[in-house]
Amino acid sequence: MSAETGDAGGRPGDARRGELAIAAVLVVLAVVIVALARRIEPGVLTDPLGSRAFPLALGAAIGLCGLLLAATTLAPGRFAGGAPVFVEDGPVDEPAAPLLGRLVAAVVLTAAYVAAFEPLGYLLATPAYVAAILLVQGGSSLRAFAAAPLLVTGAFYAAFRFGLLIPVPDGVLERWLPW
Amino acid sequence: MTVLEGLGAGFMSAFEGARFLAMVAGVAWGVIGGAIPGISGAVAMALALPFTFALDATTALCMLAGVWAGANYGGSIPAILMRIPGTPASAACLMDGYELTRQGRAAKALGVSLVCGTIGGVASIVVLIAMVLPLGEVVLHFGSPETFALAVFALTLLAGLAEASFLKGLASGLFGLLLTTVGLDSLTGSLRFTFGRTELMTGVDVVAAMVGLFAVSEMFHRIAHPEDVPDVMVGRAYTAFPTLAELRELWPATLIGTIVGLIVGVMPGAGATASSFVAYNEARRWSKHPELFGKGSMEGVAAPETANNAVQGGDLVPTLALGIPGSNSAAIMLAALILHGIQPGPFLLSKHGQLVYTLFAGLLIVNVLMIPVGLVILRLCLLALRLAPPVLVAAVLALCVIGTYASELTIVNPWTMLVFGILGYGMRLSGFSAAAMVLGMVLGVMAESELRRSLIISHGSWTIFLTRPITAALLFLTVGVLVYPVVFGVLRRRRARRAVTAPPIA
Numbered sequence: 022m023s024a025e026t027g028d029a030g031g032r033p034g035d036a037r038r039g040e041l042a043i044a045a046v047l048v049v050l051a052v053v054i055v056a057l058a059r060r061i062e063p064g065v066l067t068d069p070l071g072s073r074a075f076p077l078a079l080g081a082a083i084g085l086c087g088l089l090l091a092a093t094t095l096a097p098g099r100f101a102g103g104a105p106v107f108v109e110d111g112p113v114d115e116p117a118a119p120l121l122g123r124l125v126a127a128v129v130l131t132a133a134y135v136a137a138f139e140p141l142g143y144l145l146a147t148p149a150y151v152a153a154i155l156l157v158q159g160g161s162s163l164r165a166f167a168a169a170p171l172l173v174t175g176a177f178y179a180a181f182r183f184g185l186l187i188p189v190p191d192g193v194l195e196r197w198l199p200w
Numbered sequence: 060m061t062v063l064e065g066l067g068a069g070f071m072s073a074f075e076g077a078r079f080l081a082m083v084a085g086v087a088w089g090v091i092g093g094a095i096p097g098i099s100g101a102v103a104m105a106l107a108l109p110f111t112f113a114l115d116a117t118t119a120l121c122m123l124a125g126v127w128a129g130a131n132y133g134g135s136i137p138a139i140l141m142r143i144p145g146t147p148a149s150a151a152c153l154m155d156g157y158e159l160t161r162q163g164r165a166a167k168a169l170g171v172s173l174v175c176g177t178i179g180g181v182a183s184i185v186v187l188i189a190m191v192l193p194l195g196e197v198v199l200h201f202g203s204p205e206t207f208a209l210a211v212f213a214l215t216l217l218a219g220l221a222e223a224s225f226l227k228g229l230a231s232g233l234f235g236l237l238l239t240t241v242g243l244d245s246l247t248g249s250l251r252f253t254f255g256r257t258e259l260m261t262g263v264d265v266v267a268a269m270v271g272l273f274a275v276s277e278m279f280h281r282i283a284h285p286e287d288v289p290d291v292m293v294g295r296a297y298t299a300f301p302t303l304a305e306l307r308e309l310w311p312a313t314l315i316g317t318i319v320g321l322i323v324g325v326m327p328g329a330g331a332t333a334s335s336f337v338a339y340n341e342a343r344r345w346s347k348h349p350e351l352f353g354k355g356s357m358e359g360v361a362a363p364e365t366a367n368n369a370v371q372g373g374d375l376v377p378t379l380a381l382g383i384p385g386s387n388s389a390a391i392m393l394a395a396l397i398l399h400g401i402q403p404g405p406f407l408l409s410k411h412g413q414l415v416y417t418l419f420a421g422l423l424i425v426n427v428l429m430i431p432v433g434l435v436i437l438r439l440c441l442l443a444l445r446l447a448p449p450v451l452v453a454a455v456l457a458l459c460v461i462g463t464y465a466s467e468l469t470i471v472n473p474w475t476m477l478v479f480g481i482l483g484y485g486m487r488l489s490g491f492s493a494a495a496m497v498l499g500m501v502l503g504v505m506a507e508s509e510l511r512r513s514l515i516i517s518h519g520s521w522t523i524f525l526t527r528p529i530t531a532a533l534l535f536l537t538v539g540v541l542v543y544p545v546v547f548g549v550l551r552r553r554r555a556r557r558a559v560t561a562p563p564i565a
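Residue numbers (the numbering used here), protein chains in the order written: chain A, 22 to 200; chain B, 60 to 565.
The hints are simulated quantities; they were obtained by calculation from the structure and are not laboratory data. Among the hints, a few may not be true.
[Unchecked claim] Per the computed footprint, the stretches of chain A lying under chain B, defined by three or more beta-carbons under 8 Å from a beta-carbon of chain B, are:
| no. | segment |
| --- | --- |
| 1 | 118-130 |
| 2 | 139-150 |
[What the hints assert, rightly or not] Examples of chain B residues lying across from chain A (beta carbon under 8 Å, computed):
| no. | residue |
| --- | --- |
| 3 | F112 |
| 4 | D244 |
| 5 | L456 |
| 6 | A457 |
Ideal Cβ positions, reconstructed from N, Cα and C, are used throughout, including at glycine.
Same shape as in the complex, but just chain A (with noise of 0.2 Å):
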């Protein structure tokens, strides 16, 4: 894994900053655990910890953590186990960077799947998803660009529908169909 996070790849002071940044998410995510976890409101019942107590513990907890993980960075030689190992010299592989414009197309084209699932039903909304995946990847053959949407929707709609017994949601398609 530290190949991906950067750790043992990139420069040194690309990771240090890389780890004290992710600390400060910790940091900042605590303190929101910790202020929404005080407008708890207390239940019909109590008990001697209350609702409160566990998430305001956790919340604490994980900025404890990312206290540490400030510390152990800016520090790496006074901690074992938490620092991260820092490649001084010599070549090194860098990771290929990620191709962010493709992965953001794909976090949207799903998105836009799951919000037009129920709406437009299954049987038109799936196939245009698998297209539109195979298109923001790219590489893709005519013939599997063609067949491969609906092959994939037609076998989970039988595997589903006809095999679990499950429901998909039924859309504009889905009426003119004999079943």
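Knowing the structure of chain A, use the given hints to seat chain B on it.
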């Protein structure tokens, strides 16, 4: 009910028509899924989860056990034939497996992988049965404080074994615990972190979260890093079983693989990948022909493949006896229980004995089923390997949405899945542990409710955790796990300083 009676009833139950078919289907999907690079055993299991919705809990678990066992073998098919590990655990067997393919002995290597994997799997399940039942007796003495201490200990132990950093592993686990507090508090009736949304009153769906963390994040990774997807050149292949004489020669490697797999499997978080590499090294150390390792040694295939499958039994010891999943795959087994309304934990064995016995029988059956299914399905695996990676990614993402929707016929679950898919991808990039987070989600309900019940029992006194020996011991061990890295670091620094300042020996 004696063990043999329980197992007898378990076998009767496991061989019921639909259950047996589900196991065959599970093994078949496991072998195919495992053969596809990028679909690890856990991802194959997460993708199979939606297909268990229509099944009862026992059948679902038996099917998932089949997927798990099948994926262990499936991963070795591309490793042996193409030098591409289908699953991380099969990376150890490719060193000699692919050499054997180059020497024209691929069929025999596949046969050794299949037979030795089956031997390892069956042996580990026998040991599992022998270990879980006595542990189950001990667990009967557990009360709320012990159960809480056990959950805390499990979490810190697994965080300590997180790959990138202990602190990130711990933070992941704590966040997983926090997620279980979302929704209606069952003890007081107050609402927590629902933000006025009725959909959040029942909490975060563990299955949707798991599918997102494992399967969706993996697909997002494949989209963002297409260079990580290997080019697959598929040829023809068949399987040839080893003869009895060959098996006699391989038995030391098989035995080493079984022992290593069991020991590593019992250790939470260590997993199949570590076990197969340790077994490979140990087999080479004890072999009469260590010089052949790396150059096409059958022992080099037998040992890691046996260990790979033997992990399953070891992994299930803490999972079934204590409710602590030792790996992603074991966590998915526990999530399947939650999905079917059964709360996993130390009392699983005493409350659902019949289910556990049927699972034991099912585990033995699926490991044996690997041989016929593995033989028949090889050609299908090669077809699956020909599937273009973009088509696979699109199909898996669509299945994730459909599957999570189908679990409760609500669109909230696919949204949850998507959020956790993005989160999982981010966690992977930044070195957090999805496995620790899932463990937190599985253990969270148990941890909080048992903590609060303990304090109700003690009228609010925290000394209850120190006056009960098992609880105190577990919490002491937890502190040890937390403090150990710091103390070890200080000692190492002192030793290093002393070595620098010490006068040279004349």
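Each hint, compared with the structure:
no.	hint	verdict
1	118-130	holds (count 7)
2	139-150	holds (count 4)
3	F112	6 Å, holds
4	D244	5 Å, holds
5	L456	6 Å, holds
6	A457	6 Å, holds
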